[in-house]
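Asks: Sequence:
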Amino acid sequence: MEMRKFFAVVGLVALFVAPTMATEGFGNGSGYDGGQVFFKQIDGYHFHYGGEFTIYNYDDTKLGVDLAKYADTTKNISHVPSFQTFCVELSDNFYSGSQVWVSEAFLDGTPGSHSYSSYTSSGVDLNPRTAYLYTEFAKGTLDGYIYDPEEGRAESAAALQEAIWYLQSQPYTKWTSEGEIIYAFDPENLSEDAQYFVTLAENSGWETIGNVRVMQMYNLNVADPSISSRQDMLVIVPTPGAILLAGIGTTLIGVLRRRKAM
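Position in the sequence shown (first residue = 1) + 42 = our numbering.
Calculated directly from the structure, the hints in this document are not laboratory data. Here a beta-carbon is modelled for each residue, glycine too, at the ideal position from N, C-alpha and C. A couple of the hints might just be wrong.
Unchecked claim - Derived DEER-like restraints, expressed as beta-carbon distance ranges: (1) 123 - 183: 15 to 25 Å; (2) 186 - 86: 26 to 36 Å; (3) 244 - 281: 19 to 29 Å; (4) 190 - 233: 15 to 25 Å; (5) 121 - 230: 12 to 22 Å; (6) 246 - 110: 33 to 43 Å; (7) 120 - 249: 26 to 36 Å; (8) 121 - 241: 32 to 42 Å.
To be verified - Capping the alpha-carbon separation at 25 Å, the derived lysine-lysine pairs in BS3-like fashion look like this: (9) 104 - 82; (10) 111 - 82; (11) 181 - 82.
My request is simple: use the sequences and hints to build the entire structure.
Replies: This is how it looks when you write it as structure tokens:
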């Protein structure tokens with residue numbers, strides 16, 4: 043009888059905790075109410091208009107960042123707390139140092155995180171290979187990436203950003219030294235380092251997006267009020283299952299202590 047009560051308690055914990063943990067850090071609203079964050083570029087860590095970007099001043103938001111999954115080389119570089127990231131689209135602008143709103147609507151979208159304000163009307167799902175590259179970058183273990191800003195980090199950032207745009211099927215164009223436009227949809231036009239990152243991603247075997255999510259970012263003009271899309275960027279979030287298990291474990295300890303006391 044006591045054992046049945048024990049499992050009943052576990053079942054109730056799972057029933058009430060799991061739905062909460064599944065959306066923790068994102069909310070379940072449909073508005074641009076995830077809170078405000080700042081993002082900027084730091085000299086030596088980015089190349090032109092691509093990543094790396096620094097996200098900071100997010101303490102009072104619903105962003106749910108898991109800084110424990112970031113290495114010292116990819117967090118708290120210019121602000122504490124902060125983390126380094128990359129954008130996933132080319133159609134939206136950014137202004138370094140901008141304060142923007144993060145939408146709750148699509149952060150944990152189904153079937154996967156979604157770059158909704160992309161160049162297509164329906165947007166683009168986050169590619170598992172993109173998630174792999176960003177996860178390895180954040181851990182400070184991405185093979186071939188130079189993390190030292192004195193040794194070429196900006197160039198590595200440019201290559202990784204190019205690889206991400208390619209994997210996200212963005213209509214990336216760039217000018218050659220001869221003044222010709224080339225398109226990143228053709229892998230032959232990727233830089234050597236970008237192609238290396240793409241190859242790593244394609245050989246990773248990743249079929250899910252893991253803990254990586256897309257931040258839907260917008261500028262809100264309170265005076266209008268009008269909404270303008272800004273660059274959607276990547277973030278690593280806590281594992282819902284791990285948080286759930288921790289909650290269950292705490293409950294089990296309480297149950298066992300009560301049984302012992304009886």
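Asks: If a hint holds in the structure, say so; if it doesn't, say that too.
Replies: Evaluation of the provided hints:
Distance hint check: the CB atoms of residue 123 and residue 183 are about 21 Å apart, consistent with the given range 15 to 25 Å. Checked against the given bound of 26 to 36 Å, the beta carbons of residue 186 and residue 86, roughly 18 Å apart, lie outside it. Separation of residue 244 from residue 281 is about 25 Å and conforms to the stated range, judged on CB atoms against 19 to 29 Å. Distance hint for residue 190 and residue 233: a CB-CB separation of about 19 Å, consistent with the stated range 15 to 25 Å.
For residue 121 and residue 230, the hinted distance range of 12 to 22 Å is not satisfied, since their beta carbons lie about 39 Å from each other. A hinted range of 33 to 43 Å for the beta carbons of residue 246 and residue 110 is inconsistent with their spacing of about 22 Å. As the Cβ distance of residue 120 to residue 249 is approximately 35 Å, the hint placing it in 26 to 36 Å holds. At about 34 Å, the CB distance of residue 121 to residue 241 agrees with the hint of 32 to 42 Å.
A distance of roughly 20 Å separates the Cα atoms of residue 104 and residue 82; the hinted pair therefore holds under the 25 Å criterion. Straight-line distance between C-alpha atoms of residue 111 and residue 82 comes to about 21 Å, which keeps the hinted pair within the 25 Å bound. For the given pair, residue 181 sits about 21 Å from residue 82 by alpha-carbon distance, which is consistent with the 25 Å threshold.
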